[in-house]
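Residue numbers (the numbering used here): 1 to 359.
Honestly, I wouldn't trust all of these hints.
Quick list of in silico lysine-lysine cross-link-like pairs, DSS-like style, CA-CA up to 27 Å [stated by the list, open to error]:
1. Lys56 x Lys108
2. Lys3 x Lys28
3. Lys230 x Lys27
4. Lys324 x Lys48
5. Lys55 x Lys170
6. Lys324 x Lys340
Hints listed in this document are in silico derivations from the structure and should not be mistaken for laboratory results.
Remember, predicted model here, so these are calculated numbers, not experimental data.
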Amino acid sequence: MDKLKARVGEILNELEKASLKLNLESKKNQISDLEVEISNPEIWLNPKTAQEKVKKLADLNKEIHPWLVLKTQVEDILELINLSDDELLEEFEAQILQFENDFEELKKQLLFDGEFDSGDAIVRITAGVGGTDAQDFAEMLERMYLRWAEKNKLKTEQIERSIGEEAGIKTSVFEIQGLYAYGKMRSENGVHRLVRISPFNSGGTRETSFALVEVLPKIDTPEHVEIAEKDLRIDVYRSGGKGGQGVNTTDSAVRITHIPTGMVVAIQNERSQTQNKETAMNILRGKLVQMKLEQHAQNLSELQAGKSADWGTQIRNYVLNPYKIVKDTRTKYEEKDVEKVLNGEIDGFIFAFLESSKE
């Protein structure tokens, strides 16, 4: 029994350390405060604010609940061990092993220690060099991430999508909403490379194509990023459909230029001008935050996440011919089942990156 007590004591000790790192007590206080705010009927006079607080409350509960449950279970079994004899040794052994496995799984949360890691992500995929093959590859990546989000019970919302002339997409912008969406997806920042026999030419030649994936934190609250009106140039124009056809008769499309940095965000879907402007501002805030995070990481030379998502940062190869493999150039993590990866099984790549960035 003494060995079992020692193992249980070790789990409790590690849980206490993790609780401090995750600021669980502070988050419990945040939950109490949010519950009081949400119970006030006046908050529902502003439905958007109320819904944001409800979502925040749900995310906090989802984040800390497993830790509190595990701590209670481990404390309970320690009490039972102290009151029992050796006849229950085998049963306790199985339960403690399960607790140890549960703790190892929960420890992954400790990788998400960035300011915006627990929040939503904005993902932009852009087809690069490779013509129709690149546009098809961009759509393959879009499908991969949407399938991954579905498997992880995360919500998605399409913001903008530009269809390719023959196949695939030129660009796709969408949100992934849910706990740790940004913390996980930030590992996908960079250039992705595909090598395969092209299905779009009669010669059956092997082609290489590229797509750029940009991942930004969604910044709903303007106070996180102060942007002076004088630093913005806002242009409105008529949305254009595929092939340049107009999709509506109002100037609903919005292009915002951040003058100090030269950043440009354009949204031209079928929403209203007001909605497009709000979406464009959210993306611009995310870009500015990402730029600051990258500069900070570069200055410290400690985070791979600081590598900017531009055409000079190739992060992963997807090879379908002459052999099949998906390999991350940063971590050397690889999977030989390419179809599984393209169907959204990318957690291995995500956590390999997050763990390597802590080394």
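Evaluated hints:
| no. | hint | verdict |
| --- | --- | --- |
| 1 | Lys56 x Lys108 | holds (21 Å) |
| 2 | Lys3 x Lys28 | violated (33 Å) |
| 3 | Lys230 x Lys27 | violated (37 Å) |
| 4 | Lys324 x Lys48 | violated (47 Å) |
| 5 | Lys55 x Lys170 | violated (32 Å) |
| 6 | Lys324 x Lys340 | holds (12 Å) |
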